[in-house]
Structure formats: structure tokens, C-alpha cells
Amino acid sequence: MRAVQPDEVLSDPALEQRARDLSAELRCMVCQNQSIDDSDAELARDLRILVRDRLEAGDSNEQVLDYIVARYGEFVLLKPRLNVKTVLLWSAPLLFLLIGGSVLLANARQRRKSAQPTLSKDEEARLDRILNDRD
Amino acid sequence: MNIELGHFALVLAFALAVVQTCVPIIGGRMRSELLMRVGEPAAITGFALIALSFATLVLAYVQSDFSVLNVWENSHAAKPLLFKITGTWGNHEGSMLLWVLILSFFGALVAVFGRNLPLSLRANVLGVQGAIGCAFLLFILVTSNPFTRLSPAPMQGKDLNPILQDIGLAVHPPLLYLGYVGFSIAFSFAIAALIEGRIDAAWARWVRPWTLAAWMFLTGGIAMGSYWAYYELGWGGFWFWDPVENASLLPWLGGTALLHSALVMEKRSALKIWTVLLAILTFSLSLLGTFLVRSGVLTSVHAFATDPARGVFILAILVLFIGGSLALFAWRAASLSAGGLFQPISREGALVLNNLLLTTATATVLIGTLYPLLIEAVIGDKISVGPPFFNLTFGPLMLPLLVIVPFGPLLAWKRADLWAAAQRLFAAFGAALLVALLSYALVDQASVLAALGIGLGVWLVLGALTDLVFKSGLGKVPAAVAWRRLAGLPRSVFGTALAHSGLGLTMIGIVSVTALQAERIVAMQPGDTVEIRGHVLRFDSLRPFTGPNYTEDQALFVLTRTTGAERGTIVSSKRLYPARQMPTTEAGIKTLGLSQLYVSLGDKTPSGSLVVRIWWKPLVTLIWLGALVMMAGGAVSLLDRRLRVGAPMPRKAMAAAARGGNA
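These protein sequence lines map, in sequence, to chains G and B. Quick note on numbering: the working numbering labels position 82 of the first sequence as 82, and the sequence is numbered without any gaps. Quick note on numbering: the working numbering labels position 162 of the second sequence as 162, and the sequence is numbered without any gaps.
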């Protein structure tokens with residue numbers, strides 16, 4: 001495994017850490033489900049160097065990602081951006097939680113209603129008397 | 001000749017599976033005891049036939065019979081015997097045969113151990129098992145026949161993918177399949193209940209041990225796969241959110257939810273309909289996993305071959321079983337009576353919350369895995385959904401679940417006192433907080449989040465132990481009495497405590513290695529040293545080595561502490577398998593306590609140095625040790641007498657029950 005090579009590592013540790021974090025979010029397009037940080041493909045190396053070049057040129061993380069998406073398309077992003085296409089994906093957990101939660105609540109409420117006290121007022125009074133008598 | 005025998009046995013097994021499907025179920029409708037009883041001998045004989053068929057294939061591999069296409073494609077005469085045997089299922093055809101072998105094994109187990117099941121339930125369960133068997137046997141015979149001959153027979157095979165030539169292949173797929181396929185029993189019971197329109201607490205008591213066993217195997221299979229990837233792939237990751245990994249995680253999450261809801265159903269006869277639905281969904285996720293991995297929709301090291309015909313066939317099986325069972329559920333679920341009532345704050349309530357969070361997490365992973373396929377199919381765009389997405393969504397969903405886990409076992413059924421449970425957990429909470437503070441203060445590089453994560457793991461472990469402490473009355477009654485009480489607790493209480501603390505250990509391992517690992521990437525020459533977290537690694541020498549079917553360059557490293565104490569040597573190598581001209585990295589791993597030092601070799605630089613990547617992985621082994629503890633919890637729980645249907649009650653337990661000693 002080659003992945004990050006010693007000659008790629010930037011001298012500034014903070015900048016290098018940013019490069020590593022960004023690399024973990026970028027897909028190696030010729031590999032199977034690997035980020036460019038893990039991959040030993042030539043293309044991944046080129047991208048890693050590109051990321052570092054952009055960072056050294058003073059780009060922000062967002063700018064680096066924009067730069068790479070503009071060249072390679074959104075497929076390269078392992079964390080898809082929120083847009084019309086991915087709104088369902090990103091909202092899925094919350095939607096599911098809300099729907100599940102409300103079904104549960106509705107169920108519980110219905111149960112409680114159907115389990116309303118079946119004793120009439122008279123019967124309750126009698127029950128109270130019986131219970132009190134025991135003391 | 002042998003191989004034709006195996007082929008013929010498989011065809012016979014298919015015919016028998018058709019009988020096993022139709023006769024008992026029809027018998028059930030006709031109320032014919034005779035017809036219903038056909039299920040058992042059919043299931044047992046079917047298993048014997050498939051076992052025979054599997055054995056002939058294994059034999060062909062052991063003998064390196066290259067006149068069999070499948071053996072030629074995936075084996076090599078120089079391969080060590082173990083890998084010849086395990087190579088049987090290191091390919092698409094063989095692994096499908098292992099799948100049906102395990103399926104028929106479970107069917108035979110039901111036939112043998114299910115003698116005290118009501119006759120009609122047993123007949124229907126075996127019938128549904130037979131139907132699944134039919135579908136997959138037909139799939140093998142039509143699209144994935146491992147018994148195809150090759151003429152003229154070549155002298156040498158094409159060898160097995162080197163990554164698969166590992167002890168992991170002997171353990172990981174069988175365990176995983178025992179898990180996947182084990183859930184088919186819960187599925188068959190669910191379908192049988194729907195067919196009969198009747199379900200009771202006894203049903204849950206039969207389903208729970210099967211689900212527990214499947215869950216245990218799946219836990220082991222996933223953990224083993226994770227460790228295998230960790231040491232074999234050479235960059236020290238333990239989980240990649242690869243679609244194929246997700247395919248195994250999905251039934252695990254569903255199965256975990258099922259395990260807990262079946263508990264509510266057994267103890268309180270509540271959540272019946274939901275439990276049936278979960279049983280169906282869990283096995284559906286197993287089938288979906290099989291489809292995703294076997295159809296070639298996803299490409300990975302697991303997808304041995306891609307063939308559209310196979311994909312379409314498995315998709316058809318998927319639609320038939322998932323669609324059919326859900327339709328049956330929609331049609332018949334209303335006939336199942338709803339069960340007992342409970343307050344929101346109760347053991348049942350906690351388990352419902354557990355199920356809500358687990359199913360949401362399952363749905364999230366499922367959607368994340370399938371979303372790229374969906375987008376590509378619908379609008380033709382290619383997008384990726386990778387680890388950052390899953391970490392951002394799955395993590396926050398698991399967090400509240402992990403926080404509430406220790407409360408569950410401390411809450412009473414029906415109506416519980418949350419404050420009382422919280423009071424009992426004060427000590428565990430205090431200790432967890434202390435550990436979090438200490439790790440923040442003492443471990444450099446520890447962020448607030450990492451410290452809290454480790455604290456959460458400790459909370460899980462101690463919270464699980466708290467349950468045992470209070471159930472035994474330790475500290476309140478004399479030690480001897482507490483000890484007696486502890487020994488007298490049902491095994492399932494220990495099972496729960498073990499499984500929950502195993503979860504905590506895994507959590508500690510994951511947080512620790514994610515947040516605190518150190519990495520060095522250096523170009524080294526013999527004699528060079530590199531320092532990492534209090535250790536010094538010296539590159540001693542590079543030497544060639546020849547194995548049975550590979551050659552490799554072995555790098556020898558000597559490890560010492562910075563104080564100078566010797567910590568042994570590490571051998572890390574780059575290997576080449578000439579049959580496939582495929583290189584692999586064999587990482588050198590040194591376990592120090594619960595942590596590991598991981599050394600992986602890269603290429604030579606132009607100046608003749610060797611690129612070496614070194615990781616310090618603190619507490620990494622806890623990830624898999626935790627899984628082992630979870631498995632142990634499952635095993636202990638399985639040994640509980642109460643789960644063994646029809647096991648006579650020991651006199652002591654009977655007396656305790658008479659005293660009303662309901663723990």
C-alpha cells in the first residue's frame with residue numbers, strides 16, 4: 001500500500017492535517033470505495049498533490065473542494081452536498097425518526113383511549129369502599 | 001464421477017425442497033397430520049443431500065481436480081491445504097452452495113429440535129424454509145453451477161485471489177452466513193404465524209433462541225471480517241462503510257432490534273405485530289445483502305463475478321420473498337391480536353425507544369447504501385455516499401441509544417420509576433465522568449469529544465455491571481447471600497450484562513483508535529529509526545523469502561521503548577503471488593497490552609529507501625474483544641434454561657417461582 005508518500009507530506013503540520021481531512025472526503029475514482037487518502041492509485045496521488053497545492057496557494061477547504069468538483073464532478077465527493085438531488089438522503093434519518101415517533105405516539109394514544117376505565121362511577125365507589133374496608 | 005454425484009445430489013435436494021414446500025403447507029390447510037409430517041424427513045434428507053454435494057466439491061478442491069471449471073478458476077495445486085478447503089467458498093458458486101448448506105442445516109435443526117412445536121406451526125415453518133431452499137437451489141443449478149466440467153482439463157489452476165488466502169476466509173464467511181441464514185428461521189416462524197393467523201408468547205419463546213444464535217454468529221462474522229480487513233488491506237482501517245460491509249451491518253441492526261422486541265413479546269405479549277414485521281424485515285435485509293454482494297451491482301473484493309443473469313435471478317427471488325411476505329403481512333397482520341398495555345416509562349417503553357432508534361439507523365444505512373444506485377437509475381447522475389455521510393448520520397442516531405442502554409435492564413416491566421433507576425446508576429455515571437475527565441486531562445491529543453466518547457463506553461460497561469450488583473443485592477446483604485443470589489440469577493441476566501458491556505468495550509476501542517491514533521510515514525534505510533508514542537522502531541534488514549505459492553520481501557524491525565526496554569521484533573512484508581501476478585501487503589502487527597503497533601510497507605523510493613507507514617493504534621483490540629464479549633453474552637443467554645423449550649424446570653427454580661421470586 002502506498003497511499004500518502006513521504007514526499008507529499010507538507011512541512012506545515014496544520015496545513016497537512018487539513019489536507020488529510022480533505023483527502024478522506026474525496027473519492028478515488030478508479031478504485032472501489034476508497035478515499036484518495038487510502039488509495040495507492042496514480043490518480044489518487046495526483047489528486048492528493050493537487051489538494052496540497054491548492055492549500056498552499058491559500059485556498060479554504062471549501063474552495064479546494066469546489067475546485068476539484070468543477071473538474072471531476074460530484075461523484076468525487078464522499079460526503080454528498082446538500083441539494084435537490086440529495087435532500088431526501090440527508091433528511092432521511094430525521095424523517096424516519098419523526099414518522100416512527102408519531103406513529104408510536106398515535107398508537108399509544110389510541111391504546112389509552114381504547115383502554116379507558118371500564119368501571120362505572122358506581123363500581124369505582126364500591127371498589128373504593130372495599131379497599132378502604134381492608135385497612 | 002464424484003463431481004457428477006454432487007451435482008445429482010443437488011438436483012435431488014431441489015426436488016425434495018419442492019416437496020418440503022408444498023406438502024406440509026397443503027397438509028396444514030387440509031388438517032392432514034400425515035402430510036404435515038412430511039416436512040421433517042424432507043428437511044433432514046435435504047440437508048444430507050446438500051452436505052453430500054458440498055463435500056464432493058470440497059473433495060474436488062482438495063484433490064485439485066482442474067477438470068472442474070470452478071476448481072480451475074479458483075485453485076492452484078501449490079496452495080496450502082487449508083486454503084484449498086476454504087477456497088471452496090472463496091468464489092461465487094461455492095459460496096452460494098455454502099449458503100444453501102447452512103440454510104438446510106437450520107431447517108434440519110428445526111426438524112430435529114422442534115418436536116415439541118405444535119404440528120401445524122412446525123409444518124408451516126419447514127414449508128417456508130423449503131421455499132427459500134427451492135429458490136436458492138434453483139438459482140445455483142440454473143445460473144451458478146459449481147459442478148460444470150472443463151475439457152480438456154488444464155494442468156494448473158488460476159489460483160485463488162491472494163487477499164482471500166488467509167485464515168479469515170475459513171472463519172468469516174461461514175460465521176456471516178450462519179448469521180444471515182439463521183434469521184431465516186425467525187422469518188419462517190413469522191410467515192407461519194401469518195399463515196395460521198395465530199401468535200402467542202410461546203411463539204416468541206421459540207423464535208428468540210434462533211434469533212439470538214443468528215445474531216451471535218453475525219456479530220462474530222462482522223467482527224472477524226473487520227479484523228481481517230484491518231490486517232490484510234494494509235492501511236489499518238477497521239470499518240470502511242463499504243456497501244458490502246453495510247450489507248452485513250443492516251441485518252445485524254435489524255436482528256438486534258428483533259432480539260429486543262421478541263423479548264417484550266415473550267415477557268409481556270406486547271409488540272406482537274411489530275415483532276413479526278421485524279422478523280420479516282431482518283431476513284429481507286439478509287436477502288438484500290446477498291443480492292447486493294452476489295449480483296455484482298456493487299463491485300468489491302466480495303463480488304467474485306459479475307453476471308447480469310445472476311443479478312436478475314436474485315432480484316426475482318428478492319421481490320418474491322420480500323414482496324410476498326410483506327403482502328401476506330399487510331393482509332393477515334390485523335388478525336393477530338394486540339397485546340399487553342404499558343406506560344411510556346417502563347422496560348417495554350425503553351425497548352420501544354431502542355427499536356425506534358435501531359430501525360432509524362438501519363433505514364439510514366440502507367438509504368445511504370442504495371442512494372447512489374437510485375440516483376443513477378432515476379436521473380442518471382453519479383454521486384457517492386461514503387464514510388463522512390454515515391459518520392455524520394449513524395453516529396448521532398447511535399449516541400442517544402448508547403446513553404439509554406444501561407437504564408433498560410433497571411426499569412420494571414409495565415410501569416417503572418425512572419428516577420429510581422437513575423439513582424442506581426449514579427455510581428456508574430460518576431465513574432464514567434471521572435474517566436472522561438481523566439482522559440481529557442492526562443492523554444494528550446484527547447479532544448472533549450473523544451473524552452466523552454470514552455466516558456460513554458465506560459458508562460455502558462459499568463451500567464451493565466450495575467444491573468448485576470442490584471439484582472444480587474451486593475453491598476446491601478451479606479456477601480455470601482449476594483453471591484448465592486448472583487449465582488441464582490437467570491443466565492439471560494448475565495447475557496444482557498455481557499452483551500451491553502461488550503458494546504461499551506467496542507465503543508471505547510473505536511473512539512480511542514479514531515481520535516488518538518498516531519501515524520508516521522517515512523522513507524527508511526536499514527539502520528534508520530523512527531519514534532512513535534514512546535516507542536522506537538528500528539528498521540533492521542530486508543530479506544527475500546519464498547512461501548509455498550508466493551515470494552515476498554520481508555522487512556525486519558526491532559521495537560524498543562524510548563526508555564530502552566526491548567519490546568520484540570516486527571516482520572512486515574510485501575508479497576507477490578505469481579499465479580495471478582498480484583501483490584499484497586502483509587502488515588506487521590505487534591500487540592502491546594490492548595494497543596497495537598501496525599507497520600505496513602510501501603514502495604522503494606528512487607534513492608533506494610523503503611517507504612514505511614507506522615501507526616500506533618491505542619486500545620484498538622477492544623473493538624473486536626468487545627464483539628467477542630457480545631458473542632459470549634449471546635451464548636450465555638442461549639444456555640438459559642428458560643429458553644430451552646420443554647426443558648424440565650429444576651426443583652430449585654420451581655420453588656423460587658412458587659415464592660414469587662420474579663427477578
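Please note that a few of the clues may not be correct.
[Claimed, not checked] Think about it this way: if two alpha-carbon atoms lie no more than 27 Å apart in a straight line, the pair counts; the simulated BS3-like pairs of lysine-lysine are:
#: 1; chain 1: B; residue 1: 414; chain 2: G; residue 2: 113
#: 2; chain 1: B; residue 1: 382; chain 2: B; residue 2: 267
#: 3; chain 1: B; residue 1: 382; chain 2: B; residue 2: 471
#: 4; chain 1: B; residue 1: 471; chain 2: B; residue 2: 267
#: 5; chain 1: B; residue 1: 382; chain 2: G; residue 2: 85
#: 6; chain 1: G; residue 1: 113; chain 2: B; residue 2: 267
#: 7; chain 1: B; residue 1: 604; chain 2: B; residue 2: 590
#: 8; chain 1: G; residue 1: 121; chain 2: B; residue 2: 414
Hint data in this document are derived by calculation from the structure and do not stem from the laboratory. Everything numeric in this text was worked out from a predicted model, so none of it was measured.
Comparing the hints with the structure gives:
1. This hinted pair checks out: residue 414 (chain B) and residue 113 (chain G) have alpha carbons roughly 17 Å apart, not beyond 27 Å.
2. Pair hint residue 382 (chain B) plus residue 267 (chain B) does not hold up; C-alpha atoms about 48 Å apart against a cutoff of 27 Å.
3. For the hint linking residue 382 (chain B) to residue 471 (chain B), the alpha-carbon distance of about 55 Å lies beyond 27 Å, and the restraint is violated.
4. With a CA separation close to 18 Å, the supplied pair residue 471 (chain B) and residue 267 (chain B) stays within the 27 Å bound.
5. Restraint check for residue 382 (chain B) and residue 85 (chain G): the C-alpha separation of about 11 Å stays at or below 27 Å, so the hint holds.
6. Between the alpha carbons of residue 113 (chain G) and residue 267 (chain B) the distance comes to roughly 24 Å, so the proposed pair stays at or under 27 Å and holds.
7. Our distance criterion of 27 Å between C-alpha atoms is met by residue 604 (chain B) and residue 590 (chain B), whose separation comes to about 23 Å.
8. Of the supplied pair hints, the one linking residue 121 (chain G) and residue 414 (chain B) holds, its CA atoms being roughly 25 Å apart against a limit of 27 Å.
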